[in-house]
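Student: Heads up: the sequence lines are chains A and B, in that order.
Numbered according to this note's numbering, the first sequence spans residues 1 to 453.
Numbered according to this note's numbering, the second sequence spans residues 1001 to 1322.
Since the hints were made in silico from the structure, they are not lab data.
Misleading hints may appear alongside valid ones.
Stated by the list, open to error - As a list, the in silico DSSO-like pairs of lysine-lysine whose alpha-carbon atoms are at most 30 Å apart:
#, chain 1, residue 1, chain 2, residue 2
1, A, 108, B, 1179
2, B, 1122, B, 1179
3, A, 108, B, 1122
Unchecked claim - Chain A is nowhere near these chain B residues, computed Cβ spacing over 12 Å in every case:
#, residue
4, 1007
5, 1012
6, 1019
7, 1044
8, 1051
9, 1053
10, 1064
11, 1071
12, 1087
13, 1145
14, 1175
15, 1243
Note that beta-carbon positions come from the ideal geometry of N, C-alpha and C, so glycine has one too.
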Amino acid sequence: MPDNPNPGQQLPETTALEVRHLTKFFGRRPREALERLTQGAGRDEVASLGTAAVIDADFDVRRGEIFVVMGLSGSGKSTLIRMLNGLVEPTDGTVTVMGEQITDVAPKRLRAVRRRRVSMVFQHFALLPHRTVRENAAYGLEIQGVPLAERRARADRILDRVGLGGWGDKMPAELSGGMQQRVGLARALASDTDILLMDEAFSALDPLIRREMQEQLVELQQELGKTIVFITHDLNEAMFLGDRIAVMRDGRIVQLGTAEEILTDPADDYVAQFVQDVDRARVLTAGNVMEAPRAVVTASAGPRAALRSMRDLQTSMVFVVGNGRRLLGVAHDRDVLRLVQRGERDLAGVISDDHPVVGVDEHLSELFGSAVESQLPLAVVDDQGRLLGAVPRVTLLAALGNVPTDTAEQAIIATPATIPVDVITATLHRTAAAEAAAADATPAPAAGERSPA
Amino acid sequence: MNDFRLPLGELAESVIEVVTDVFGGFFAVVRAIFAGLYDAVDLLLSAPPFGVIIAVFAALAFFLRGWKLAVGTVLGLLVIVGVDQWENAMDTLALVLVASAIAIAVAVPIGILAARSDTASKIIRPILDFMQTMPAFVYLIPALILFRVGVVPGIVATIVFAMAPGVRLTELGIRGVDKEVVEAGHAFGSSPSRILRQIQLPLAMPSIMAGVNQVIMLSLSMVVIAGMVGAGGLGGQVVQSLTRIDVGLGFEAGLSVVILAIILDRLTGALGGLRGRRAKRVRRADAAGRAPQQTPPATGPTSGPAAAPAANEAGPVASVAQ
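Extracted from the complex, chain B is given alone in its bound form (with noise of 0.2 Å):
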């Protein structure tokens, strides 16, 4: 009974060296332009005084959300720097940028095609699963192989788990589109790739932007694997950390993990919120119009614009009344 093995492990491993042999220098390519981009963001994030890169954050965070979350901004970036964490912190979110990017680079045209596509779909939906829940670790292997250590196997695996949801709610987000409005983008003569510009995208937006967040969050839940084939960061030191059994290290820079992507989330989150508050300012308004009558001067600075288009409203429908 036991005589009887399947070599999957064999041929996984023949295949990976046919690859190093065949593609080797194409390897090479991807490794250098995936190291030349974290250099870059890298050098763009801790060249400057920390200050500086705070500050940028609070701004982004008080103009995508409001001044609370520029608040926890703020202190949240001071406490990493108070343990002394911000150059690895800075290395990280620099790995999670590039990863991030170019995962939802990859992430978003794929959920277009799934979307489009039945057949795509069909083919493509095993394959995330695979991606998804094949223990993060054993992409490292390969990853170490085909671009030796330091940080892009870190990247590269990073962008493999985390791409998943990406494109999961891109062709979600398209598909869920109503399809009576594509209907109409059809029937009035707008070609395909018009259609996905001007009216699938758009809508489908709210959940790419979901797709968005949901890949930079699986890629900070990355940082400490790639930190085992020396990507550095806070993955390093919390590895380090785990090698001394310093209690110490590890809380200081997991407490550095979880800050920033509390940080990432809601910015992200933010960034799709973005057209949905404009739906919510229109139903406000909507809503004062329909009760004109019901809008004391009182309700504070929203009732003025609100009360506008309430007196425009009952004009044309007494007319289109007659």
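Only chain A is shown next, with the shape it has when bound in the complex (with noise of 0.2 Å):
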């Protein structure tokens, strides 16, 4: 698979799930069928014989991410989760849980990896109607051999870490199918698990409770660092969801890849036909789309190198850093252009923080709203306020449209200047022997001036 060519070097401390050219055909001669798929046949060519389901699915799933697989219906992707936790078994290939191999292995065995290791989540939710919530929320514990009074209270915990606090003692069937989902949700989360399967767990949902149950899906993955191995045939749940995503077609992976990989490189067609009608804005973040930022000086250079990087790149502004890129604000040609005249060497006076400044990981559905406000690029930083890059608006626009950047177009890219060159250029070389004279720390940059005559 793409993203892993070489599964033996990785740590195992890492995996969580190994899966292993898995495949399953439903049939009566399988063996037949096996070779035949081996050999590269593909789904049609075999349906004389019965269904191939799965057909070579490889890949590792990494402790503490969200793995989506993706794929339309019947393209075997519930097969392919069911036999994760053996409820299906493989007609070929091995799955490993957490270092432990759980197929071809005695029932029993097979049972106490489901007990400790991995959990699930349902479509249509799968409780057990004549229990409480709250007995259903132990279930796993109770199977588990956890004592009534424990299990009874970490229940209620779970319960209520999913907001459902208070609504124990009530049967399943008193609860709305997003609450009910959030039940079989506590359930699997109860278990305490290292794994949960999740299949199609949101599809049963109505659209606005399904975003909620996203969104709290990605909070408690964070907050309990679980792997999650996530079934949907919505790929924009996919790309919000999946830290990876695998995407099936005809029992196939046929990509396996981040939100980002499928959507600007799609491996074939079929996925660029699916990635078509995704929600762009909602997938990249600022850090996929944004833009090396040229027009960087950092504060000690002074007023007159910021000057001369801006004629240099004919724009208007430049990100002022400070020690360890530490973005300090923007400054305006104007005002470094006055600052120079005077004959003034500190940029600080001049630095403003007027200008729009973005999270690294914000979607560009975010980022819209300061690009309304301010024409400036919008500055990128990470969680330390380090200026990672820029995004101008016609970068917003064109990752929408998938249209490609040229970054080279600087005219298109940065705020236009607003002096024009020959003015900047005569004032730096009018200042330039003052500047000299005063026998400064910096003689450096005043040797580099040239008249461009």
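Both chains come to you apart, so use the hints to assemble them.
Tutor: And the structure:
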């Protein structure tokens, strides 16, 4: 698979699930079909023998990631997820859960793995209708043999966590669909397994509730650090949730990569067709589309360096950064020109912070507001406030339309200069003599000044 | 053309002959057990004065269904007393209860087996068809040979005839349990026997109880036939009235059978509905909860408890929405 050419070299501690050459064939002569499938035959070619639900799936799921398997109905994703906890026995291939192989093992071993390692959330909730919400949430613990009082307490805690505090004594039928699935999620979380399998878990919910559940899932995942394998037919959901996404078609995984990789570099026409309809603004982040910031000066370089940089790049502003590229603000050409004319050597006076700053992980949909308010490029910073890049408005538009931007076209990307080049050059030239005469500590930039004439 | 004849009858005859020879001891034991069970139940029903038995049935009816059935039960049983068929009715009841209990005890496990294995299901189905459609009189012949005249061949014939719906409805009920719920049991590491106990049987219970009800009804329909082999009871009375062309006796005994049948049907029907009733209560509370503002205080005793979860519901939903 594209992401992992050397599975053997990966540290076992980082891998939650290891899937090797997994194939499931429903039919009378699985051996014969298997042989033809391994020779590269497609699903259609073995259709006379039966159904090849999953063909040669091969991937690793890393600990703590949300791994999404995306495909239309009939693509084999449901069968695939059921092989990950042994509900469906594979025709060929192996599955290893947290270092323990679960294919070709005794039922008892398999049950032990399911109790401790892998829990599951179902599309239609699959709650026990004759038990209360609390008993449902505690079901996994009951199977694990946790004493009654403790499992009740733990179930209540998890129910609280998913927003169902105080609902423990209700019957599932008394709850709305969204709330029932919260119980399903609570049941899986209460078991405290390393891995969570979610089979179209939000597909039966209405769109508003679905969005809410997706956000809650991401939040819970960040908090609890679970490894999640999520099955969906909804590409937007896949893109929103998935750290990595496997796209399935006709039983085969046709592409495996991050949302951005699939969006910007689809493996084939099928995937390309698929991603056409994706809401790119909700998938791509500032970090995905940002340009390298060209007009950047360090605060200590002084006004002359800033002005020169703006002249060379024909832009009206520069980003000013401090130690370790921490963004301090922007400086505009008119203000810097004035400083230079006055012979001042400190930029601090003209650094303004009226420009938009966005986090590197923010989705494009969150950038529009800032982009509307200011015509300056959006400064992209990381958690520590370090400048990573810039997103000019044009880049934002281009990213939505999936149009390649040519970063060499400076005039389009940056804000155009407001002061003619020759004015700046003249000013720099005129003040250069005074600078040198002052015998300051930074003669070097002055030496570099040359008249364009 | 008429020279050739399938010797099926002779075959059946010789099979029974061999069975009698080889398993004679076994059938003697079975006979003793069935007879013992029957005597015990019959004693339990016949020994106390009829008032006590009627009171017990009325109480059962009241708890399972309500006062209407309790009143109906008392009136019906008093009619039986009034036509002087009480003892016969209790004999019949004992036969029905013993036969039904054994039939259910055999039918439910077979139904479970059929539900779990397609092969078993395929083998069992034609056997059930055979048992159910073969005229009931036919069972009496080998039953008579194997168990001799008396109440036991009646019980055996009744069991064979009445068992089929118990098997079928158990299988149907278990197969009808939501696949995903069973899968959830597996996914959380539950063992198959635990899934059967905790998920499949409880969820199949309404269907299984419908099977129990059917078994009892079919058992009752067999009492007349059982009466022909000396099982006594109401069936014996009907047979007697037939031989004497006694319309009065026939009517009285027949009416008693009908009364017993109705009471047993309503009681066992209520047994299956116990869980259903809880679900119904839940749905009612739910309906009230969905529209709390439409619940006027004057809707009666249910509005109190129903309004409480309604208020409760608004809380978490609001907090979740944030």
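Student: Now tell me if each hint is right for this structure.
Tutor: For each hint, the structure was consulted:
Between residue 108 of chain A and residue 1179 of chain B the CA atoms are separated by roughly 21 Å; this keeps the pair inside 30 Å, and the hint holds. Distance restraint check for residue 1122 of chain B and residue 1179 of chain B: the Cα-Cα separation of roughly 21 Å lies within the 30 Å cut-off, and the hinted pair is therefore satisfied. Our distance criterion of 30 Å between C-alpha atoms is met by residue 108 of chain A and residue 1122 of chain B, whose separation comes to about 29 Å. The non-interface label for residue 1007 of chain B is consistent with chain A: the shortest C-beta to C-beta separation is roughly 40 Å, beyond 12 Å.
No Cβ of chain A approaches the Cβ of residue 1012 of chain B within 12 Å, the least distance being about 39 Å, so the stated non-interface status holds. Every C-beta of chain A lies more than 12 Å from that of residue 1019 of chain B, the closest at about 40 Å, which supports listing it as non-interface. Every CB of chain A is more than 12 Å from the CB of residue 1044 of chain B (nearest about 33 Å), matching its label as outside the interface. Every Cβ of chain A is farther than 12 Å from the Cβ of residue 1051 of chain B; the closest lies at roughly 39 Å, confirming the non-interface assignment.
Every beta carbon of chain A lies more than 12 Å from that of residue 1053 of chain B, the smallest distance being close to 34 Å; the non-interface claim holds. For residue 1064 of chain B, the shortest C-beta to C-beta distance to chain A comes to about 19 Å, beyond the 12 Å cut-off, and the non-interface label holds. For residue 1071 of chain B, the non-interface assignment is confirmed: its Cβ lies about 32 Å from the closest Cβ of chain A, beyond the 12 Å cut-off. No Cβ of chain A comes within 12 Å of the Cβ of residue 1087 of chain B; the nearest lies about 42 Å off, and the non-interface call holds.
No beta-carbon of chain A is positioned within 12 Å of the beta-carbon of residue 1145 of chain B; the least distance is around 47 Å. Distance check on residue 1175 of chain B: its Cβ is at least 17 Å (rounded) from any Cβ of chain A, clearing the 12 Å threshold; non-interface status holds. Residue-level check passed: residue 1243 of chain B sits 52 Å from the nearest beta carbon of chain A, beyond 12 Å.
Comparing the model with each numbered hint stated earlier shows that all of them hold.
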